[in-house]
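Chains as they are written, first to last, in our numbering: chain A, 7 to 466; chain B, 7 to 466.
To be clear, the hints were calculated from the coordinates, so they are not data collected in a lab. It is possible that some hints are incorrect.
Put simply, identical chains are the same to the list, so a pair is met inside one copy or across any two.
What the hints assert, rightly or not - Calculated lysine-lysine pairs in the DSSO-like style (CA-CA distance at most 30 Å, straight line):
1. K367 <-> K115
2. K332 <-> K115
3. K401 <-> K367
4. K367 <-> K332
5. K367 <-> K419
6. K181 <-> K452
7. K367 <-> K67
8. K115 <-> K452
On a predicted model such as this, the values are computed, not experimentally measured, just so you know.
Protein chains: 2
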Amino acid sequence: MATIDDVLGAIDAGQTAALERLFAFLSIPSISAVPAHFSDCERAADWLAAELGVLGFEAAKRPTPGRPMVVGHIKAGRREAPHVLFYGHYDVQPVDPLNLWRNPPFEPKLEAGPQGEQILARGASDDKGQLMTFLEACRAFRQFGGPPCHVTALFEGEEETGSPSLAAFLADNAKELKADVALVCDTGMWDRSTPAITMSLRGIVGEEVVLTGANRDLHSGIYGGLAVNPIHVLSRILGALHDDSGAVALPGFYDGVEEVPQEILDQWNALNFDAVAFLRDIGLTTPAGERERTPLEQAWSRPTCDVNGIVGGYVGEGFKTVLPAKASAKVSFRLVGKQSPERVVQSFRAFVTARLPPDVKAEFISHAGSPAISLPVKNQALRLARRALETEWGKPAALVGSGGSIPIVGSFKRELNMDSLLVGFALEDDRIHSPNEKYERTSFHKGARSWARILAALAA
Amino acid sequence: MATIDDVLGAIDAGQTAALERLFAFLSIPSISAVPAHFSDCERAADWLAAELGVLGFEAAKRPTPGRPMVVGHIKAGRREAPHVLFYGHYDVQPVDPLNLWRNPPFEPKLEAGPQGEQILARGASDDKGQLMTFLEACRAFRQFGGPPCHVTALFEGEEETGSPSLAAFLADNAKELKADVALVCDTGMWDRSTPAITMSLRGIVGEEVVLTGANRDLHSGIYGGLAVNPIHVLSRILGALHDDSGAVALPGFYDGVEEVPQEILDQWNALNFDAVAFLRDIGLTTPAGERERTPLEQAWSRPTCDVNGIVGGYVGEGFKTVLPAKASAKVSFRLVGKQSPERVVQSFRAFVTARLPPDVKAEFISHAGSPAISLPVKNQALRLARRALETEWGKPAALVGSGGSIPIVGSFKRELNMDSLLVGFALEDDRIHSPNEKYERTSFHKGARSWARILAALAA
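Using the sequences and the hints, build the whole thing.
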């Protein structure tokens with residue numbers, strides 16, 4: 007029987023080949039939000055199914071009404087070994103504005119960063135690089151007879167578009183997918199040298215609203231003043247979504263929001279989060295949200311509302327004195343505690359509808375909806391994984407919250423009654439969802455080593 | 007010496023060839039707002055210079071810092087004949103959204119309309135079709151020895167982008183261009199059977215504002231709540247541009263706005279403007295502007311503010327939870343009376359700047375600025391032209407106001423101390439600046455006849 011050091015040695019020795027595999031994966035522009043890239047999503051799924059096959063998994067691409075899932079299974083040598091489900095997603099965010107990239111987003115490149123080499127590409131950090139840390143750990147175990155746990159791999163292709171097919175897929179395949187614990191690699195480290203396990207995730211509601219006034223675009227010289235302008239109406243509504251204290255103004259929005267227990271707040275305060283440096287990195291000086299909350303509370307435990315996109319009228323070069331027929335916005339809400347996505351949707355739609363003047367109609371499109379989730383602190387897998395991470399990094403793993411949403415975690419709990427262990431190696435300056443996304447080579451290498459240690463610890 | 011009936015007969019006999027010439031002109035996509043179409047603007051100018059040459063004008067394309075002007079001169083047989091300057095513009099509006107056009111916008115087509123044949127193309131009404139009514143009148147006169155007035159033709163290629171080169175060109179060529187009166191064909195009829203002379207024009211200010219927050223686009227899950235969102239800030243500012251009564255809220259905005267004299271208001275009321283039908287045609291029921299003003303006052307004599315375009319964040323298909331670094335809007339103001347464009351610009355910029363939270367910067371781009379203008383009722387050319395129009399159409403010409411802006415008219419007054427006679431044959435359903443722009447074949451035909459009668463009347 008091989009020791010963990012044999013496995014870690016195999017990971018260390020295979021870094022060049024591991025990078026080549028990751029680059030091949032990153033070269034596929036699997037943008038799930040853009041129909042022109044649906045065929046690339048298929049290619050990415052095929053690539054993953056083939057990779058799992060190479061690693062000894064029984065694996066297949068599995069159809070959904072949207073982008074396909076990839077599912078694979080491999081047995082441990084010991085029948086009584088624990089069964090883990092590993093989750094990652096192969097879809098990536100759109101890349102615009104393309105002109106801000108230093109290198110084409112789907113031509114991955116290794117470059118020198120301020121703290122060592124980094125991998126530059128869309129999806130390098132979110133989530134292809136992270137996903138591959140686990141597969142590289144499995145590959146190392148394969149040299150010594152296979153992983154110490156039974157492993158099910160589940161790769162999704164719609165994470166960046168709100169996971170519309172996920173709940174039904176889990177429900178339809180519950181027996182096949184249910185495991186003792188889910189391992190999810192889509193989160194970050196506390197900092198460059200401190201690993202983290204994410205204990206809570208905000209939920210999300212994504213709504214698009216399209217306002218329509220006249221039956222066609224008009225000349226503002228002829229109709230201005232007489233004809234209603236949907237951009238004005240939309241601006242007024244969006245401008246009213248927050249009150250002067252920075253709080254969200256939707257009636258009932260804060261129903262179900264819970265205060266963070268003092269002991270957790272104390273632990274967060276002990277992390278000495280440097281809000282000034284956090285904001286300075288993105289060119290800002292002043293926290294913009296709820297005035298009476300600390301920055302870490304705002305990011306991890308408070309619900310928010312952001313307009314993610316707005317468009318109406320003429321937006322090309324120069325000027326056009328059009329009075330547009332339509333204006334639209336994409337709005338997302340981050341949820342915490344027991345906030346109900348359905349009620350937030352209802353409240354938002356009522357808020358908009360109540361503010362429509364005569365002749366303006368609103369159409370709504372739902373893009374996402376999932377509640378917040380938090381993990382029990384007493385979980386045994388959590389305890390074992392935390393120790394494994396400490397061994398690899400030489401520091402205790404921070405137990406943190408997250409401002410982002412990973413719908414899968416809620417679905418695992420609801421559909422499969424399965425807790426999730428969220429361990430990831432992204433850094434806050436990875437520029438995920440932005441131009442020049444990168445993943446540290448250290449994250450990729452020590453991420454694979456971390457998973458090897460975690461699998462060994464869970465199986466012990 | 008030929009009679010006016012000979013000239014009108016020549017116009018009637020030449021309709022087919024006249025349409026072919028107009029179609030050739032309409033086929034040139036001379037969109038002045040879009041750099042990719044600058045070479046098409048040159049082509050349109052060349053086409054016009056050649057046409058003027060065919061009609062006996064001494065004509066040339068004349069460079070400016072932007073799109074070129076075209077200037078031509080022709081002498082009347084009688085030396086003491088009056089001298090008129092005819093103005094039109096060869097540039098057209100952008101055509102998006104392209105998918106709403108029934109026919110490609112630069113492949114002109116004759117089609118049956120509810121009231122007769124109409125010419126479908128971008129620029130058919132604004133302003134290529136109108137411009138050609140005058141040239142077709144000149145062509146008919148040419149068969150009988152030339153026009154009865156000395157004529158200078160001036161064609162501009164930047165009317166749709168705020169005429170940035172116009173004032174300097176007029177100042178630099180004042181002696182060459184000065185005439186007894188300017189004839190401007192860029193306005194409309196009162197209705198399908200009633201000609202109109204436009205006595206007042208609103209001015210315009212066009213401002214673009216770009217707000218910048220963070221130094222890059224952010225993930226709203228990680229930064230939402232902490233980082234300022236420029237779309238929120240822009241929405242709040244734009245939403246505050248109007249108060250609850252529909253009035254523009256910029257400090258000092260109404261300085262210089264004059265009440266319309268009661269006798270003019272009485273004439274307007276006598277026109278029996280059907281605001282319900284006017285709005286019904288564009289799918290609306292309720293005037294949206296200042297509550298205490300009649301619809302005709304709102305359109306002709308009151309200043310307004312419209313957001314003509316807004317964009318920020320992700321506006322593609324699907325959803326992207328981005329917290330954008332930038333958001334921008336194009337805003338125009340229509341001015342009346344003695345409102346100062348410079349003061350409105352200053353007030354707008356101060357209004358925006360005063361509402362910026364920490365970390366948000368505003369950049370401003372000026373696209374247009376010209377004051378309102380009105381014409382003296384006692385003008386002799388006006389009296390003669392009104393009678394000529396009545397003869398052609400069998401009805402007195404209405405003396406109307408206009409909500410739109412034609413910067414040239416102010417420039418003619420300021421730079422050349424020349425009044426303008428605004429006569430045009432567009433109809434309110436011509437969809438100028440919108441998809442499926444059209445010009446009635448009747449407007450084209452009787453427009454040419456009207457100019458023949460006006461030139462004859464001015465020379466009598």
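Hint by hint, here is what the structure shows:
{"no.": "1", "hint": "K367 <-> K115", "in the structure": "neither (48 Å within a copy, 34 Å between copies)"}
{"no.": "2", "hint": "K332 <-> K115", "in the structure": "between (42 Å within a copy, 28 Å between copies)"}
{"no.": "3", "hint": "K401 <-> K367", "in the structure": "neither (56 Å within a copy, 41 Å between copies)"}
{"no.": "4", "hint": "K367 <-> K332", "in the structure": "both (10 Å within a copy, 28 Å between copies)"}
{"no.": "5", "hint": "K367 <-> K419", "in the structure": "neither (38 Å within a copy, 44 Å between copies)"}
{"no.": "6", "hint": "K181 <-> K452", "in the structure": "neither (33 Å within a copy, 80 Å between copies)"}
{"no.": "7", "hint": "K367 <-> K67", "in the structure": "neither (42 Å within a copy, 48 Å between copies)"}
{"no.": "8", "hint": "K115 <-> K452", "in the structure": "within (19 Å within a copy, 67 Å between copies)"}
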